[in-house]
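Protein sequences appear in the order of chains F and S.
Residues in the first sequence are numbered consecutively from 1, following the working numbering.
Residues in the second sequence are numbered consecutively from 252, following the working numbering.
Certain hints may be false.
Pairwise CB distance ranges, derived in the manner of DEER restraints [claimed, not checked]:
| id | chain 1 | residue 1 | chain 2 | residue 2 | range |
| --- | --- | --- | --- | --- | --- |
| 1 | F | Ser188 | S | Met546 | 55 to 63 Å |
| 2 | S | Ala256 | F | Asp206 | 33 to 41 Å |
| 3 | F | Asn73 | S | Ala606 | 48 to 56 Å |
| 4 | F | Lys135 | S | Phe568 | 33 to 41 Å |
| 5 | F | Pro94 | S | Leu599 | 44 to 52 Å |
| 6 | F | Arg59 | S | Ala256 | 23 to 31 Å |
| 7 | F | Thr15 | S | Ala592 | 39 to 47 Å |
| 8 | S | Ile529 | F | Asp206 | 41 to 49 Å |
Please keep in mind that the hints were generated in silico from the structure rather than gathered at the bench.
Where is the CB? At the ideal position from N, CA and C, for every residue including glycine.
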Amino acid sequence: MRIMGNNAVEIKGLTKKFGNFTAVDNISFEVRKGEIFGFLGANGAGKTTAMRILCGLSRPTSGEGTVAGYDINTRQEEIKRHIGYMSQKFSLYPDLTVRENIRLFGGIYGLRDREIEEKTDALLGLLEMRRERDKFAGALPLGWKQKLAFSIAMIHDPELVFLDEPTGGVDPETRRRFWEMIYEASESGTTVFVTTHYMDEAEYCDRVSVMTDGKIAALGSPEDLKASYGAADMDEVFRTIVGRAGKEDRK
Amino acid sequence: MKEFAASVVKEFRHIFRDKRTILITMAMPVVQIILFGFAVSTEVNDVRVAFCGDMSDPAVRSVVDRIDNNGYLRIVRRLSDPGEITGVFRRDEADAAVCFGRNFGGNLAPSGHAQIRIIGDGSDPNTARMITGYIKGVIQDEQGDAEVSFTGERKAVMSPVVQLMYNPAMKSSYNFVPGVMGLILMLICTMMTAVSIVREKETGTLELLLVSPVRPLWIMLSKMMPYLFLSAVNFTTILLLAHYVMKVPVNGSLFLLCVAALDFVVTSLALGLLISVISPNQKTALLICGMGLTMPTMIFSGIIFPCESMPRVLQWFSDIIPAKWFIIIVKKIMIQGTGLASAAREMLILTGMAALLLAVSIKSFRTRLQ
Chain F
1 MRIMGNNAVE IKGLTKKFGN FTAVDNISFE VRKGEIFGFL GANGAGKTTA MRILCGLSRP
61 TSGEGTVAGY DINTRQEEIK RHIGYMSQKF SLYPDLTVRE NIRLFGGIYG LRDREIEEKT
121 DALLGLLEMR RERDKFAGAL PLGWKQKLAF SIAMIHDPEL VFLDEPTGGV DPETRRRFWE
181 MIYEASESGT TVFVTTHYMD EAEYCDRVSV MTDGKIAALG SPEDLKASYG AADMDEVFRT
241 IVGRAGKEDR K
Chain S
252 MKEFAASVVK EFRHIFRDKR TILITMAMPV VQIILFGFAV STEVNDVRVA FCGDMSDPAV
312 RSVVDRIDNN GYLRIVRRLS DPGEITGVFR RDEADAAVCF GRNFGGNLAP SGHAQIRIIG
372 DGSDPNTARM ITGYIKGVIQ DEQGDAEVSF TGERKAVMSP VVQLMYNPAM KSSYNFVPGV
432 MGLILMLICT MMTAVSIVRE KETGTLELLL VSPVRPLWIM LSKMMPYLFL SAVNFTTILL
492 LAHYVMKVPV NGSLFLLCVA ALDFVVTSLA LGLLISVISP NQKTALLICG MGLTMPTMIF
552 SGIIFPCESM PRVLQWFSDI IPAKWFIIIV KKIMIQGTGL ASAAREMLIL TGMAALLLAV
612 SIKSFRTRLQ
């Protein structure tokens, strides 16, 4: 059964424990359809664990919720079919050519051969990479790799795409162009769930959440957060929240 | 199914694009067979024998002639004193020496007791044992004939005739071909599979596949496919080399042999999956495979050392090595030419291992995903 609402992600009381350690501690939030949702937090705050659960890679210890309308506890296979996933570190196979990479992901997302051909052609045209189609993905400049990886993550027209630090290690200009792609995807109705360490990118999001110690410490639009923390930019907001959590730890 | 096909294609591309690995994989069985066949051979062949004794004694001459006329032995020199033997061995001028006692013929004729000493070069104990045993056999032949000629009538002596069934020529290839088969299949299926899965774990691309709708188990299966194919190619290479170069016969059913190989391959693949689940990086996977698998397989599967002469505890340990059972089956089917009935116990054990390892590795892989 699929629960269709106005939210792409709905999470209530999500908890994940590894033995005695609680990585994700009773978090609840929604992501609206078509929204760009920034998922922030310091390293080790539980971001990755939470995201793995949302992607259907891991089961929560307790809590419930839906992703793309499917239950996170029981319908992981359907979730996987309806989401896209991209990560900066590893999204393409360097020893496969551009075309083979597209083919592979088209194939494992169940696209038919004809669809794959059409998609490949359209994609290469859009990215202006026709001449590079038989080059190994590993030989492409980082910026191109990321654009290609993002397009491949969207190859099956997912309702929701997860981007895990998609712009790590790229120059500001390439990052800006990458965000243009994200906006385009969002405008065409795809929900974007993005984690990042760059606070200027947090400003581009419709709403952001900040995680500390497995909990969501703040959630709202960048404007609201800046206003309520009396901060000039998201960087200050982030440092205030994370710094506060650090102090509580020491007490 | 379509998804599975796509990821199988990908795995094949990875392998065939890596020219060095594919070359090593293809050359490995050839090199191993040649290495074992020609370099580490323990066969008695062209043995150089030195002797020390009185050539004017007809009994001595008769023994020496017999040794020299033997196809595998050849007399290289006569020593005037037994003390020279050490020097001869050190300079590598002979592989064995035969020393006749003083007044050899004179003692032999009346009493039938004369002393003869066979000295082997123990720095290579296996070969030395083979050579001394062989020379002893030659001298015993001589003794049997001598007894007839001295007394004029044949005494009632028991002279055992030793005959080795299945391998009358004592060819070591009959032993190492099954061994190399086990070793190669294990290396390809366990080590290479484990390393290839762990490599994707290390680069993180495994996440990418796991987040796709392809079921995790199918992803693992697709990773095993190229190695299944490679092991089939290698198995064929070894069989062809064994048959046409080493002249090892396939006395039993070829089909049965293939079934046994498949059984072993499944066991090895399951083991590979298990190792990939427990190792965090390629180094660990390689170490586990090298120290925990290849070495014990070499030592305990009976390729080099016979399990029967090991202490009881080590024999028990050797029982848990899948390659040991596979090698026993191959020997039975290939060399002895027996059917399923006589290899049934080993087949059952191997199948049991395959089932158990498959269950454990799939279960641990599933838990790992949670």
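Checked hints:
1. With their beta carbons about 58 Å apart, serine 188 of chain F and methionine 546 of chain S fall inside the hinted range of 55 to 63 Å.
2. The hint said 33 to 41 Å for the Cβ distance between alanine 256 of chain S and aspartate 206 of chain F, and at roughly 39 Å that hint holds.
3. For the pair asparagine 73 of chain F and alanine 606 of chain S, the beta carbons lie near 31 Å from each other, so the given range of 48 to 56 Å is not met.
4. Lysine 135 of chain F and phenylalanine 568 of chain S have their C-beta atoms about 52 Å apart, which leaves the hinted 33 to 41 Å range violated.
5. Here the CB-CB span from proline 94 of chain F to leucine 599 of chain S is close to 45 Å, well matched to the stated 44 to 52 Å.
6. Judged by the Cβ atoms, the range 23 to 31 Å given for arginine 59 of chain F and alanine 256 of chain S holds: they are separated by roughly 29 Å.
7. The given range of 39 to 47 Å is broken by threonine 15 of chain F and alanine 592 of chain S, whose C-beta atoms sit roughly 58 Å from each other.
8. Distance hint check for isoleucine 529 of chain S and aspartate 206 of chain F: the Cβ-Cβ separation is about 43 Å, which falls inside the suggested range of 41 to 49 Å.
Against the hints set out earlier in the document, violations occur for numbers 3, 4 and 7.
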